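Take the two lone chains, each set in its own frame, and fit them into one complex as the hints suggest.
Now for the letters of each chain:
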Amino acid sequence: MFVYLLRRINLLFTTLIVISVMSFSLGHLFPGDPVINFSGKPSLTYSEYQDLSQTLALDKSYFEQYLAYLKRSFNGDFGVSFSSQKPILDEFLRVLPASIELSLYALLVTLVFGLPLGLLAGIKNNRLIDRIIFSVATILNSIPIFWVGLLFILIFTLNMNWLPMSGRLTLLYEVPSITGFLLVDIALSDLANKSYVYTDALRHLILPTATLAVLPATLVIGMMRSSVIHVMGMPYIKAAQTKGLTSWQLITRHVFRNALLPIIPQFGLLFNTLVTSTMITEVIFSWPGIGNWIIEAIYQRDFPAIQASLLIVASMMISINVLLEIAHMMVNPLMRKEFNATK
Amino acid sequence: MPQNDIYNEVEYPGPYQQAWGKFKQNHVSWVCFCIVMFFIFVAVIGPFISPYSPYHQDTGYVLLPPSWQSAGNVHFLLGTDDLGRDVFSRLIHGTSLTFGISLLVAFGALVIGVSLGALAGMSKGIRSSIFNHLLDAILSIPSLLLAVVIVAILGPGLNNTIWAVLLVLIPQFVHRTQIVIRDELKKEYITAARLDGASEFHILKNSIFPNIIESIILQYSLAVSAAMLDIAALGFLGLGAQHGSPEWGAMLSDSIDLIYRASWLAILPGITMFLCLLSVNTVGHGLRNALKHRSES
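If you're matching them up, the sequences are chains A and B in order. At position 8 of the first sequence (counting the first as 1) the number is 8 in this note's numbering, and the numbers step up by one without a gap. At position 215 of the second sequence (counting the first as 1) the number is 1215 in this note's numbering, and the numbers step up by one without a gap.
Next up, chain B with everything else stripped away, as it sits in the complex (with noise of 0.2 Å):
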């Protein structure tokens, strides 16, 4: 590219830098964004800072609707339950088991998943051929199925599903970083390391793994998006986290008994989830995009 200003120095954004100079450009992806760091902030800070405890039970205000409505209170932003419990703080509270639990189950299936993925990736022959057939079986089960079997196994309750999502989401994992790395095995920048004499994990390490990241990044973008759903259609089965926690599915479920007296119990959960994971799957949308499109000013 010619340089009408030869005097001072021009810096070329790496690829990385691309990128994201690409998603910026996109205002949708952007807001989405921040509302993902929003809700992050939320998930860890919130715990803190929310006005009531989640279980703390006030009797005088029973059923109290949203503040705005004129029956409503304002020591009570979005009203009480059904046991005077304040449906902010609940929901603030639900944000970081909900969310935040998503976010480290999906980092730990990554983990697992990716370096799973890479022996299988890099092995040949009989050993990742029954590997894929394994893969193929557990991929072929519907997760919501194989969830609720494993919390069969180990009973009902929070820390069993975050068990289940996590055994179901570690598949997924495996599949995509197992295709990605089939992928650049194939090119040629690879056959030119293995002609310089580089060993299978330095090959792995420096060529392939650079290369892959986005990839995964983008996985775990649909990873938390799916374990956010896992979790709270556990939570509203009744098979995750159990009746009176403030977890979003297991708020939707209490709420079904009130639904025709209380609707802000069925509206105001579902409405948060629905903003968490609408941002969640644009943010990833965003990011497929800019790494499609990046190359292109």
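Chain A extracted, bound-state conformation (with noise of 0.2 Å):
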């Protein structure tokens, strides 16, 4: 087991040097001057630049930059924004709760609607509640996320009129941001209506939820659906039945259990869609997130905000992706026998 978290640790240390190297040699591959891309700031005089110029390392050579460059990563600077001359650490977690609040209820709501499905079709292989759960899925899996974001606004906000089509909330109320995570804030402020403002922010949550959650829903119902049939098959689901279980009993004994523990490893590719439908679907509901400020970031050749997003991001993917994998070897016993018997 100890051996096991070190090659994980160690995997995870290179993995993320490269990635640092990869967003370090984007500060050379921009268009433009290293120095400028690197701190940020457009307009310099003659002695400033020499001076940043200094204090960047950018005067030497390719591999002091570099550790100079992990010395200022660390210390969480990664210069100022080229639009707004903000530190970009600071722009960066101003976004980033409305992101996490928006995935993490589209996440709730892929589990919630996606292993209870993907059990079922797998419980019922072959039948026709199977085929109807699959064949929907299979469906949904390639509507492009962009278009289902533009159906929904077209069916539910201009022809029903039923919910709003961008933004977290209402421009009538004003929320003080203390957290970033809209649903905490209404409970931490001192508004006088808070249920009024409380509905008007589901209100403008459903939409980019539910266009969120489209594709990892589906994701799940097929995995949890093979890894169920896997299940089924196995010996020991027999021995159970011949013991003389109820269906219920076996389902949530033995059958939900074991088909969930493989699929766990899986989730990391979750995160992956999960991040880049985030991408698109808050440019489509204009959600002040990480996505949006991005593209932002893209449009306005922001390449400080870019290289900083890059590495911040990527180091995320791959830090979940790790915990995943371990969190994996904990909890299922049938890999760590498999890991103790080849050593």
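If you're looking for bench data, these hints aren't it; they were derived computationally from the structure. Bear in mind that the values here come from a model prediction, so they are computed numbers and not experimental data. Worth double-checking, as some hints may not be accurate.
To spell it out: a stretch of chain A is covered by chain B in this simulated footprint if at least three of its residues, at any positions, have a beta carbon under 8 Å from a beta carbon of chain B; those stretches are [stated by the list, open to error]:
no., stretch
1, 26-40
2, 290-304
3, 316-324
Counterexamples of contact, computed for chain B against chain A with all Cβ distances above 12 Å [to be verified]:
no., residue
4, D1005
5, S1053
6, V1111
7, M1122
8, I1203
9, N1206
10, S1207
A virtual CB, placed ideally from N, CA and C, is assigned to each residue, including glycine.
Rendered as structure tokens:
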């Protein structure tokens, strides 16, 4: 187990180093002067330029430049944004909660719908209900996410006039940003009519969450279904059936747990789709999150922001993936056995 | 297998034929295969047979609804957009842009990725471990983010999108090829070939490659749909094909401003793209099933 952890952490570190090298080289690859790209200050006098070049170690060899870049990144200094001239880390932390909030709810919806439906489809394998669930999941899996967003807007906002189209909250309400998570902020704030604000915030959440949840939910249904089918063919299910367990007992005690275990490492793929979809969803619904911020940065050719976001988002993804794998190892005894046997 | 008919020569289907027969037995996959073939046909021939040029502006017929609506005109089958351009012609040209380019890009990534993957799969020790770490790093970045970053370096535009999508797809092919080659190398017939004194290249070409080509085709179908999604997504975000281009994603993003007045501009490209993606995915799925179950008669 210890050796396994060591290997995973080794993998994590090497991958992080590769990512940081890529992110560092972006500063040189982007058009324009590296000093300006790394610092984010577009108009410099000659002496300022010299000073910055010294402090960023850009007058030294590439290797020393890279070390200096690593040091700055660890201290959270990613330079300032071209467009707003504010530190990038502050900007990033300002938009991060909105994205996390949206993805968290989408993930919740995904699991609440995906796992039971996948379980049902797997248990009733090759019956009508399985065919229906699986075909619908396959069809939904092929719908491009930006079209789903447009369709939702077209149907629920423009034709039915049920739900708002963009943003997190009607401009009528002003909620002071404390944590950045809107629903928490509303609870913390001292607004008079909180219930109205809550309904408004939730109404704004429905469409983006639904748009974002479509693709991951179909993935979860597919993964869960094939895993359940695999488990249902196992001898211990037969043994449990012979023992006379009701199907409810069988499902809760044996099928669900054993089917859930092997798909845990595949959740990394889920996060990957979630991040990609979040970027597009945020643009469609003008959600003030990271995706919107990155796209905005590209429109404005804000190189320090692009560079920092690649580094931070990719590092987050890698850490999540490795953590999932370690968690899988801890909860799944079969994996441990395999590892101990092969060493 | 005992045969009653001892006089005629009996033909046993080879593994490819078996898989193909199994694939054709599934009606849904077969229909989707025909749709994919139709889209390929449109992508190749379409630009020559489209009724109008995708950029031709007919100022007399602006925002005409599709011809089945009472306000429509049969000369513009699927209506026109805000500049009087024929939506039908634009969709046809968009097929060769979005779908045709995806096919080509995925094929380019296949050639490069499989050769790199073969190199990585056959090598051992420190070289392969360095390569693996590099691959893990690249694969852990969400593909759209990577494409966005590459576009940021090269600048927006359809040509640069193609490079970005190509670079994003290559690692996936490398990864897949490497895994299947590793799996094959463990099998006994490879050991047998090695004992016969076959060189590494010989083993790769004659023993491994015929056995992994199916997984690579499978990966190709996945890559085509991923490439389509990425090209269209970048076009939609305004980073790929520019506004006014008949690329499907760019058409969708152009339609947002008019979505209330002219909903067909948002619905038609979406349906086309959805149909195309669905059939490509279903063909991939059918192929996987056919390969899995081909030995069962």
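These are the hints, each one checked on the structure:
1. For the stretch 26-40 of chain A, the proposed coverage by chain B is satisfied: 4 residues have a C-beta within less than 8 Å of a C-beta in that chain, meeting the threshold of three.
2. With 6 residues having a beta carbon nearer than 8 Å to a beta carbon of chain B, the stretch 290-304 of chain A meets the requirement of three or more and the stated coverage holds.
3. Evaluation of the coverage hint for the stretch 316-324 of chain A: fulfilled, as 3 residues show C-beta separations to chain B shorter than 8 Å, against a requirement of three.
4. With a closest Cβ-Cβ approach of about 35 Å to chain A, D1005(B) is found to remain outside the 12 Å limit, as its non-interface label requires.
5. Listed as a non-interface residue, S1053(B) keeps its Cβ farther than 12 Å from every Cβ of chain A; the least gap is roughly 26 Å.
6. At roughly 24 Å from the closest C-beta of chain A, the C-beta of V1111(B) stays outside 12 Å, upholding its exclusion from the interface.
7. Its beta-carbon lying about 22 Å from the closest one in chain A, M1122(B) satisfies the requirement of being farther than 12 Å from that chain.
8. At roughly 25 Å, the least C-beta separation between I1203(B) and chain A is larger than 12 Å, which holds for a residue marked as non-interface.
9. For N1206(B), the shortest C-beta to C-beta distance to chain A comes to about 30 Å, beyond the 12 Å cut-off, and the non-interface label holds.
10. Consistency note on S1207(B): stated as away from chain A, and its beta-carbon is indeed over 12 Å from all of that chain's, at 26 Å minimum.
In summary, the structure agrees with every hint in the numbered list given earlier.
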